[in-house]
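First to last, the sequence lines map onto chains A and B. Under this note's numbering, the first residue of the first sequence is numbered 1, with each subsequent residue one higher. Under this note's numbering, the first residue of the second sequence is numbered 356, with each subsequent residue one higher.
Rather than coming from a laboratory, the hints here were simulated on the basis of the structure. Positions of the beta carbon are idealized from the N, C-alpha and C atoms, including for glycine. Accuracy of the hints is not assured; some may be wrong.
[To be verified] These stretches of chain B come out as covered by chain A in the derived footprint (C-beta under 8 Å, 3 or more residues):
#1 470-479
#2 491-505
#3 534-543
#4 667-680
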Amino acid sequence: MAILKVTFTKTKRNILAQALWVLNWVSVITGLTLFSLGLFLKVEIQKRQEVMTNEIHMVPNMLIGVGLATCSINFLGGKICYDCMDTTAFLHWKLLMLPYIICTFFFTLYILVGALMCHAMRSDLEESLLLGLWDAMCYYKDTDIPGCCYIKHSIDLLQMQFQCCGNGGFRDWFHIQWVSHCYLDMSISNVVDQLQSNVEGKYLTDAVPFTCCNVHFPRPCIQHQITNSSAHYNYNYHGAELNLNQKGCRQALLQYYTQIMQFVGLIVLIIWLFELSVLTCMHFLQTSIENVLRLGDSESESDGWLLKNSISETVQHNFNIIKNLGKCYQVDDDPNIDVSSTSRQTQEACTLAKS
Amino acid sequence: MAVLRLKFTKGQRDKLAQMLWLLNWVSVMTGIILFSLGLFVKVEFSKKEELMADRDFQRVLNLLIAVGLIACIINLLGGKICYDCVDTNKFLRWKLLILPYIICSFFFTGCMLVGALMCYSMQEELQESLAEGLRNVMRYYKDTDSPGRCFLKHTMDLLQIQFQCCGNRDHRDWFHIQWISNRYLDMSKWEVVGRLHSNVEGKYLLDSVPFSCCNTNSPRPCIQYQITNNSAHFNYDYLTEDLNLWKRGCHQALVEYYTKLMHSTGSTGLLIWLFELSILTGVRYLQTAMENVLRQGDPESESDGWLLENSLVETARNNFNILKNLGKINQIDTATNGDPNIDKPSTALYGLDNSGSVHP
Numbered sequence: 001m002a003i004l005k006v007t008f009t010k011t012k013r014n015i016l017a018q019a020l021w022v023l024n025w026v027s028v029i030t031g032l033t034l035f036s037l038g039l040f041l042k043v044e045i046q047k048r049q050e051v052m053t054n055e056i057h058m059v060p061n062m063l064i065g066v067g068l069a070t071c072s073i074n075f076l077g078g079k080i081c082y083d084c085m086d087t088t089a090f091l092h093w094k095l096l097m098l099p100y101i102i103c104t105f106f107f108t109l110y111i112l113v114g115a116l117m118c119h120a121m122r123s124d125l126e127e128s129l130l131l132g133l134w135d136a137m138c139y140y141k142d143t144d145i146p147g148c149c150y151i152k153h154s155i156d157l158l159q160m161q162f163q164c165c166g167n168g169g170f171r172d173w174f175h176i177q178w179v180s181h182c183y184l185d186m187s188i189s190n191v192v193d194q195l196q197s198n199v200e201g202k203y204l205t206d207a208v209p210f211t212c213c214n215v216h217f218p219r220p221c222i223q224h225q226i227t228n229s230s231a232h233y234n235y236n237y238h239g240a241e242l243n244l245n246q247k248g249c250r251q252a253l254l255q256y257y258t259q260i261m262q263f264v265g266l267i268v269l270i271i272w273l274f275e276l277s278v279l280t281c282m283h284f285l286q287t288s289i290e291n292v293l294r295l296g297d298s299e300s301e302s303d304g305w306l307l308k309n310s311i312s313e314t315v316q317h318n319f320n321i322i323k324n325l326g327k328c329y330q331v332d333d334d335p336n337i338d339v340s341s342t343s344r345q346t347q348e349a350c351t352l353a354k355s
Numbered sequence: 356m357a358v359l360r361l362k363f364t365k366g367q368r369d370k371l372a373q374m375l376w377l378l379n380w381v382s383v384m385t386g387i388i389l390f391s392l393g394l395f396v397k398v399e400f401s402k403k404e405e406l407m408a409d410r411d412f413q414r415v416l417n418l419l420i421a422v423g424l425i426a427c428i429i430n431l432l433g434g435k436i437c438y439d440c441v442d443t444n445k446f447l448r449w450k451l452l453i454l455p456y457i458i459c460s461f462f463f464t465g466c467m468l469v470g471a472l473m474c475y476s477m478q479e480e481l482q483e484s485l486a487e488g489l490r491n492v493m494r495y496y497k498d499t500d501s502p503g504r505c506f507l508k509h510t511m512d513l514l515q516i517q518f519q520c521c522g523n524r525d526h527r528d529w530f531h532i533q534w535i536s537n538r539y540l541d542m543s544k545w546e547v548v549g550r551l552h553s554n555v556e557g558k559y560l561l562d563s564v565p566f567s568c569c570n571t572n573s574p575r576p577c578i579q580y581q582i583t584n585n586s587a588h589f590n591y592d593y594l595t596e597d598l599n600l601w602k603r604g605c606h607q608a609l610v611e612y613y614t615k616l617m618h619s620t621g622s623t624g625l626l627i628w629l630f631e632l633s634i635l636t637g638v639r640y641l642q643t644a645m646e647n648v649l650r651q652g653d654p655e656s657e658s659d660g661w662l663l664e665n666s667l668v669e670t671a672r673n674n675f676n677i678l679k680n681l682g683k684i685n686q687i688d689t690a691t692n693g694d695p696n697i698d699k700p701s702t703a704l705y706g707l708d709n710s711g712s713v714h715p
């Protein structure tokens, strides 16, 4: 009792083969799309590498690998479908086609896993950003140390581009010394007091870098003595919230990457569905052409199906095959022991028949 | 004596027609490119329209957009004509239309050339417009509570951040403008009042700049207040410190940006003009070759194609005479010799008499 049996005439088989050839080539293009999406993601993550601790390369690398593999698999599939239009050419591929379909089926599962991983990347990213941003902010002042001199520039650009401030909020800057000792006047008592009053000898103030300033605020930016309402005219720290960028850079970056991942995940899911449908049609084509060969007449109608027997029977059948594969190496059942060669018997039969 | 005469066999004519059909379709693409380029530049100008004083840059851009659209239509028609030229019968349909088409296209490419050249002539007008526009925007920077001007601070800040520039010519322009509104000035402090009184126009001027002038490449936290006062900051020298603020003025930055944009648009327009002209030349050769074939009567034979049938001077004289005679059609000649219909018996009677006398 075959599953989803469909009858194909000669013309229908040819049309199916041609359609599948075109679809396989479209699939090669979708493979290239996957590859470029993976590359795009890799570049985007690389751009902000300084604010991430461990690099999240698994998902982009997987997408790149899957994209390339999809291209090659569908390239082969296109060749097979092209040859399916001619029954003699199909014979080349007869033994290879079923293994190809099975491998491709498991490969499409891999694509699905890729799509799901896109959504699961978020928590990894959040942790990486949390630690990475803290480290970067700590090195903000070290513009004279080789290896760290670009961190100030990166954080400034990040805060301006994403309109964010600090890690979770602008108050993070109050706990970090972001003004280098090179620019602190040690002869001023205020400065010395501030340094001495801190346990770790850090110079902490309630000030933020200029890149935290909100461009939309109608008042010229207040970036020093932020918490001191009396230091500025007509200013109340608790009311002037929009003076600085309210969003933390961790949240801003997370939102940005989540949007990209959602977009990429959706596209990968669509590609997975497309691949699965192409594969299903190829299986129909394969079974119908095999039935045609079995019938002997290449012009006749034939049946194509998803599975020859019901699911449970197919599973049982495959399980038995695997069990018997295991039994090959057991000496007891070796049919070559203690049985005389059948070839001599047939030779004798031939000579007898001739005479 | 034809200008640039060439011989075409049947095979060569067919190949020419096919190639021109293809090139006309490529030309449709270039027309679309010109159209989109014009549109893109128009959008770029409108994005910064607050920074430009009233000047009409839209003329050139509208011309480019219109030229792009018309080029598409003309080349679509040209493609159809060239496609039909392969078959002599189909060519007969277009025979009367093809010369007017070529003449109109020639004048149209003239418009394209004018548009492309105008892109290069805009520089001075642009400079004046931007200088005035930037001055106005900086003057109204502090007026974030006035309706109609409340967004100018935002515009200026974004401009300075995006184009990495400060002020009109340089950062010192901010020293001559009150960019902090009186709402945020503490009039109870004597230094504020003193500063206001010391200024003739009652403006509060400082040697300070807005935060958007700060240079992100500076290794040091930005110094935006008391810029000229070396003693106000540790280890700071105003004259040698050049990474603290953006050095370039926004006027220069914007002029460079828009000039580059207009020059690339102009160059693209010129390239497309040359391409169109070459296609038109090819169509002219095809037209003259096909007409000569029809004149000879044998569609398989060789024929000549040319740019002009006679020399340039003779063609100009011929056309001038045609135009003069067009003017004369409406004049009623007073002498009886002029009007052929006055006082002349009908020639038809003569024909009848002759035929009547021939046949018995």
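How the hints compare with the structure:
Closer than 8 Å: that is the beta-carbon criterion, and the region 470-479 of chain B has 0 residues meeting it against chain A, so the requirement of 3 is violated. Evaluation of the coverage hint for the region 491-505 of chain B: fulfilled, as 3 residues show C-beta separations to chain A shorter than 8 Å, against a requirement of three. Counting residues of the region 534-543 of chain B whose beta carbon lies closer than 8 Å to any beta carbon of chain A gives 7, which reaches the threshold of three, so the coverage claim holds. For the region 667-680 of chain B, the stated coverage by chain A is violated: 0 residues have a C-beta nearer than 8 Å to a C-beta of that chain, whereas at least 3 were required.
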